[in-house]
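Colleague: As you go down the protein sequences, you meet chains Z and P in turn. Residue numbering for the first sequence is 830 to 1359, as defined by my numbering. Residue numbering for the second sequence is 169 to 394, as defined by my numbering.
These are calculated hints, taken from the structure and not from any lab test. Cβ atoms here follow ideal geometry from the backbone N, Cα and C, with glycine treated the same way. Among the hints, a few may not be true.
To be verified - For each label pair, taking beta carbons as the anchor points, the in silico distance ranges come out as:
(1) P/D305 / Z/T1075: 50 to 58 Å
(2) P/D254 / Z/H1269: 44 to 52 Å
(3) P/A249 / Z/M1051: 29 to 37 Å
(4) Z/D1103 / P/T382: 13 to 21 Å
Claimed, not checked - Under 10 Å between C-beta atoms, here's a sample of chain Z residues computed to sit facing chain P:
(5) L1113
(6) F1148
(7) E1154
(8) D1186
(9) K1190
Claimed, not checked - Each computed DSS-like pair below joins lysine-lysine, with the alpha-carbon atoms no more than 30 Å apart:
(10) P/K370 / Z/K1156
(11) P/K366 / Z/K1156
(12) P/K270 / P/K237
(13) P/K310 / P/K366
(14) P/K170 / P/K258
(15) Z/K1156 / P/K310
(16) P/K261 / P/K237
(17) P/K170 / P/K186
(18) P/K170 / P/K261
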Amino acid sequence: MNKFLRSSAFTLAFGYVVFGIAALILFAAPLWYAYYVTLQDARREGLRTDAQRLSEIFRRQGVSGLSTYIDNRVGMQIPGERILLFADSKLHPMSGNLPEWPAAVPSEPGEYDLPITLAGVHTRAMFVEDVLPGDYRLLVGRDQSLFAPLASRFWIGLSAAIAVLSIAGVVGGLMIRRAVLLRVDGIHNTVQAIVRGDWSHRLPTKAASDELNTLSMTINGMLDQIEQLLHGVRDVSNSIAHDLRTPLAELRSRLEELSLTRPNPEETFAEIDDAVVDVDRVILIFNALLRLAEIDTGMRRSGFVPVNAADVARQAVDFYLPAAELKGVTLSYRGTGPAHISGDPVLLAQAIGNLIDNALKYTSGGGAITVEVRDLGGSRIQITVADDGPGIPDEEKPKVSARFYRGDASRGTPGVGLGLTLVASVAKVHGGALELGDNHPGLRANMIIAVHTAGALQPIVGDADRTEAIGYQPATSVAADDAGSLGRGATVDQVPAPVGDESALRANAGGIPSATSDAAAHNLRIRSVS
Amino acid sequence: MKVLLVEDNERVTRFVVKGLQEAGHVADHADNGRDGMFLAASEPYDVIIMDRMLPGQIDGLAIIEALRKSGNRTPILILSALSDVDERIKGLKSGGDDYLTKPFAFGELLARLDALSRRVQGSGTQTSLRVGDLHVDLLSRKASRGTRSIALQPQEFKLLEYLMRHAGQVVTRTMLLENVWDYHFDPQTNVVDVHISKLRQKIESDSERPLLRTVRNAGYMLTADE
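With these hints in hand, go ahead and build the complete structure from the sequences.
Modeller: As structure tokens, then:
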């Protein structure tokens, strides 16, 4: 009960009850006052009329006439009869229904309303007293106690109304508490569990769309987002611990060894060159992580422009074609016309590139990779990269979403394990998801993208925003070119296109004003400063 | 090539100045915005390397804007640790010609400086390019070496055109990615090298003199020189 008294439902109910009672009294009081005054006036008027009529009789018929009239009238025993008293100048009763002149009533004529004792009963009465010629006194009055039931009925009625109101208030408060506060308690408990660090909890929701339910769903959405960001932060710290430490440790021991052993200059220079490669690897991972963080926080959504995904895919196929030929793999593009979407062309190109690169890595000579862009209808397009390589076992599919996850099959191949994570993030920022399917044999990586995603945060595929981004192997690989790659990973290569609305700006960035072809010029225009 | 470096980090300064001198260039240096502004406005330079965050109340972008307002057209390469897209746009909008993110490889910096300084000299519309006996007609989009005509895919032609426009200069993989494919990210594979070796096979038959060289730790260079 104590808890009930402190609950906001009770406070609310109590407040309403008090307010209701006050309103009732404020309404009844003037009503009662007006009624009471009107009634008193009417009674006084009645007494005056009566007194006048008796005076008239006295004037016409004299003392005996009036006495006879009063005696007759009293003798009739009319119920609720008035108090009548006809007395001489010494206030000795001559006729009437009072045995003697009431002590409380003064002898002067006038109108009185005063407490009096009648036949031994204390009551209140109203009197009109007249002085008749010859100094006779006439007293006409009315016992007010005759009207007492009326007043008591009024007060009983008012009390009953207040009682009903109070009970209704208490019952209402209890019902509000049951209906609403229990749910608030549920929210409270859930939030407390989350504060304790258990992020698996979500607020209970119902099918009904009342305010509390809508609020709960909004809060759940917020919790999902926070949890995801939290995971992101945790992932990044894990990633840094895991994947940056290794090359840094390698670099450190390399340099320390160099400093300790002091080998001949030739060996020293070779070691230094290797150390630079180590540093480049660290920078590469660092840039990839920053870029993932940039995508995951949704920062890139502001750079969305209309873009033809089919063009982006075709260009990516062209880019990777020589590498595929070198490996004896058939790489082909299959498309059904343009696929216009709102998106970030740089991210899309990188994601498709990662998928092709990934497929290339796991397809052996004689194999085939198909890139396909299809309109799924319902404002969705699907970019598919299918290979006929070994694929991945189903049980491994959900795991590959993790950053730096490398499947068993990928051991011994270069890569840092961020490629498919990036693809999944890119798909997500475009309002879609990455799905991994079977190509019988091989892998089908489907990137599903919403056509109109500008400003839309809602996932378009089922429960897509809770679906783990999936990918099977890292698509990234450390540059393995024998020429050495001093510039690689260490420069602007992680920085996307300069966003310029004039091609001059874009060409400036590259340092060549006229080498940009129509296709490139098209790509330039697809990004604009926002 | 006369280069001005406006950079407050001592180590980076030493590294860049030394590298430039070894490559046969003259390098001046200012370690704050005011000196940098003064030097840039008073001396003729072929190219300026500008750090963004500088001591001395005036930052790199402000200097660039001031120089451009006063009619100075010297090519400027912005050097910055700020790698965001937005920052890059800001840099190029202020009047910078190229943007390089720290940390950077010296080879990349040098190649970009080269490209910037020569762009000014070699501007003007050209209809054909020639390197040794390798000839490219930009209008008919045909390539030939001596009397032998070379069949090229559109993308190969673009790659060759870019290399020929920068004949005698080192061109990095990043520069190729950005300018030939318009890819402003690192695909993290050696695909560029595969493209180059394919192109090399087409423009250099066994009996012909090699033109397309691999420059260690940097990239590629197309040149007819020995």
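Colleague: Could you tell me which of the numbered hints above are not met by this structure, giving the numbers in increasing order?
Modeller: Nothing - there is no hint that the structure violates, so all of them hold.
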